[in-house]
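*Asks:* The residues making up each chain are set out below.
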Amino acid sequence: MEEILVAKGLKKTFKISAKQQKLEKTKEKIKVAVNNLSFTAYRGEIYGLLGSNGAGKTTTLRMIATLITPDEGDVLVDGVSVVREPDRVRGKIGFLTSELKLEEFFTPNYLFHFFAQLHGMEKEETEQRKKELFDKFGISSFAEVKVADMSTGMKQKVSLVISIVHNPDIIIFDEPTNGLDVLTARVVTDFLLELKAQGKTMIVSTHIFSLVEKICDRVGIIIDGAMVCSEELSRLTAEKSLEDVFFDIYAERAGEAV
Amino acid sequence: MKSNVITIMKKEFARFFKDKRMVLSTILLPGLLIYVMYTFMGQGLSGIYSSDESFVPQVYAVNLPEDYANAEGISVNFIAAEDETAAKEMLTAGTGGEAGGCDLLIVFPENFAEAIAAYDVASGEKAPEVEVYYNSADTDSSTAYDMMMEFLDSYESSIANKFDVNSQEKQYDLASERDTAGMVFSMLIPMLMIIFLFSGCMAVAPESIAGEKERGTIATLLVTPMKRSHLALGKIVSLSVIAILSGLSSFIGTMLSLPNLMGEAGDISASVYQVSDYLLLLAVILSTVLVIVSVISIISAFAKNVKEATTWVTPVMIVGMLLAVTSMIESMKPSNLMMYLIPLYNSVQSMNGIFSFSIDIPGIAVTCVANVVYAIVCVGILTKMFNSERVMFSK
Numbered sequence: 001m002e003e004i005l006v007a008k009g010l011k012k013t014f015k016i017s018a019k020q021q022k023l024e025k026t027k028e029k030i031k032v033a034v035n036n037l038s039f040t041a042y043r044g045e046i047y048g049l050l051g052s053n054g055a056g057k058t059t060t061l062r063m064i065a066t067l068i069t070p071d072e073g074d075v076l077v078d079g080v081s082v083v084r085e086p087d088r089v090r091g092k093i094g095f096l097t098s099e100l101k102l103e104e105f106f107t108p109n110y111l112f113h114f115f116a117q118l119h120g121m122e123k124e125e126t127e128q129r130k131k132e133l134f135d136k137f138g139i140s141s142f143a144e145v146k147v148a149d150m151s152t153g154m155k156q157k158v159s160l161v162i163s164i165v166h167n168p169d170i171i172i173f174d175e176p177t178n179g180l181d182v183l184t185a186r187v188v189t190d191f192l193l194e195l196k197a198q199g200k201t202m203i204v205s206t207h208i209f210s211l212v213e214k215i216c217d218r219v220g221i222i223i224d225g226a227m228v229c230s231e232e233l234s235r236l237t238a239e240k241s242l243e244d245v246f247f248d249i250y251a252e253r254a255g256e257a258v
Numbered sequence: 001m002k003s004n005v006i007t008i009m010k011k012e013f014a015r016f017f018k019d020k021r022m023v024l025s026t027i028l029l030p031g032l033l034i035y036v037m038y039t040f041m042g043q044g045l046s047g048i049y050s051s052d053e054s055f056v057p058q059v060y061a062v063n064l065p066e067d068y069a070n071a072e073g074i075s076v077n078f079i080a081a082e083d084e085t086a087a088k089e090m091l092t093a094g095t096g097g098e099a100g101g102c103d104l105l106i107v108f109p110e111n112f113a114e115a116i117a118a119y120d121v122a123s124g125e126k127a128p129e130v131e132v133y134y135n136s137a138d139t140d141s142s143t144a145y146d147m148m149m150e151f152l153d154s155y156e157s158s159i160a161n162k163f164d165v166n167s168q169e170k171q172y173d174l175a176s177e178r179d180t181a182g183m184v185f186s187m188l189i190p191m192l193m194i195i196f197l198f199s200g201c202m203a204v205a206p207e208s209i210a211g212e213k214e215r216g217t218i219a220t221l222l223v224t225p226m227k228r229s230h231l232a233l234g235k236i237v238s239l240s241v242i243a244i245l246s247g248l249s250s251f252i253g254t255m256l257s258l259p260n261l262m263g264e265a266g267d268i269s270a271s272v273y274q275v276s277d278y279l280l281l282l283a284v285i286l287s288t289v290l291v292i293v294s295v296i297s298i299i300s301a302f303a304k305n306v307k308e309a310t311t312w313v314t315p316v317m318i319v320g321m322l323l324a325v326t327s328m329i330e331s332m333k334p335s336n337l338m339m340y341l342i343p344l345y346n347s348v349q350s351m352n353g354i355f356s357f358s359i360d361i362p363g364i365a366v367t368c369v370a371n372v373v374y375a376i377v378c379v380g381i382l383t384k385m386f387n388s389e390r391v392m393f394s395k
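Chains as they are written, first to last, in the working numbering: chain E, 1 to 258; chain Y, 1 to 395.
The hints are simulated quantities; they were obtained by calculation from the structure and are not laboratory data.
DEER-style ranges, computed between Cβ atoms:
hint : chain 1 : residue 1 : chain 2 : residue 2 : range
1    : Y       : Arg390    : E       : Ala143    : 35 to 45 Å
2    : Y       : His230    : E       : Ala143    : 20 to 30 Å
3    : Y       : Lys304    : E       : Asp224    : 21 to 31 Å
4    : E       : Ala197    : Y       : His230    : 33 to 43 Å
5    : E       : Thr26     : Y       : Lys304    : 15 to 25 Å
6    : Y       : Lys304    : E       : Gly9      : 24 to 34 Å
7    : E       : Ile208    : Y       : Lys18     : 34 to 44 Å
8    : E       : Glu104    : Y       : Ile381    : 22 to 32 Å
9    : Y       : Leu28     : E       : Asp71     : 33 to 43 Å
10   : E       : Glu72     : Y       : Ile381    : 26 to 36 Å
11   : E       : Glu144    : Y       : Phe17     : 43 to 53 Å
12   : E       : Glu144    : Y       : Lys384    : 29 to 39 Å
13   : Y       : Tyr35     : E       : Glu144    : 52 to 62 Å
Beyond 12 Å from chain E on every Cβ pair, some chain Y residues (computed):
hint : residue
14   : Ser54
15   : Glu66
16   : Thr95
17   : Leu245
Heads up, the beta-carbon is just placed ideally off N, CA and C, and yes, glycines get one too.
One chain only, chain E, in its complex shape:
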């Protein structure tokens, strides 16, 4: 198996403002969001990052996507360092998260061309890719509708398409089905499996066990910013369900039964 994404000893801390200190009733000035986190994803597999809210999943993904820089450690994306060559890494990955929004004034058609240009795609290649993706997600019917006038599901479809406009080999999805109705969630899940079939590598963060069980090959469990387990799904769930495994580990870490 070929290693395509290797995270080594990632650490990320955030300063806590006086306002946040008051809110969180803490005197700590620094919050460790991710601590000494390492994992490896192999080409063509879906790696699931599982953890509760605030565990450090999104921070990890944002470091991989070069939106934020690790305090310590590094991630090699197809051999390219996110610390030393973030611009190159951005060209290799697609990143979809709920914090990335689309300009409401524009239409899917305009946005697709705009992001294709930013990725340096040729016109012909762009048209071909647009047809393929718009047909796949049924976007053609609302290609000229402004984002502001779309439903949540339509927006999520457009966001998904925009994130993979350049046909990247590595795609990072942060909570890809969050807030979606069952139909759209199904479309997205099926699409992830289709991408996998095409040989794409995906890092998916979620707290939905069923989604991980359905699509992931390997799972990393993050608790309080630390990677406590990184294992093939089949091995992890050989004796227990993923949910039971997760809560056992969680209880062990917390030192008490949950």
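Given the coordinates of chain E, work out where chain Y should sit on it, guided by the hints.
*Replies:* Structure of chain Y alone, referenced to chain E:
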């Protein structure tokens, strides 16, 4: 119902008064800045309409009565004018205040003293006529005119109105259309242009940068392989174009409407300027917009949302307006080339020079180059800000 109204009012007051920045920018700052600005403007206007206290006007006189030469109550230097036309030409040329120049021309009828002595007010005949010529676009000439008119009025009253001053249908103000236009435009347009350009920039820059941060769309751009410097430059150039269009629209409107605003008092037209003047003006405006957009963009990048950006930009705009007022203050003209390095001040003074026909090419060159350099530095700062996760993703 009454208690609900009070509850809502309390909430609104709490929202406002607990936000120190809002209180500062909404209540304290406007009063303070208006006081400072009006004080500056007052000094400027008094500087425009009055000369130095030690000023002694050079008054060319035709048929000057002997007792006027050493008259008390007026401190002027009378010069016997042998050639009335030459004196008028000097006035038209705006030589007031200059050594050997002419501040005023006064034409008495021949044998003025005898004529007023012989004149009977009750006769119904035309009184002896004194003519006073001046140049309203020349501060010294205007001052000399006021002094002389006051003196003549007083003298006329003391001798029972036995003569008239400037009573005929003649043009006594010898200011050319060019001079008048130069004075009005150089005073008003630089200040208005700075305000227009700021308004244009404020309408688009906070929305484009702080707005993108607020809506989360900037993050979508930041995960593309595009260089951050390209993002910064693209934003600044496009915002500058929009701000220039907005500023030019206001500029054209002002230039066209100013004659209407001035009415008969200001027989002025923008046609007194050459194409080269407008090209120089365009160069100054373009470089100025780059500076204003860059500064507002940096402030907007620091702000968490559009509202915060607008709040922070307002004091900067008022400082810009204060610098703009220097176009009205004679004593604040640049004394050396280095002063053209001061942002906004340099633009105001360059525009002032263009409009008043006293173009300082080295000064304008320094202004344009300095402004472009400042804009490049700002693009660098903005690039660093786009790279800073603390700035871009601050909550």
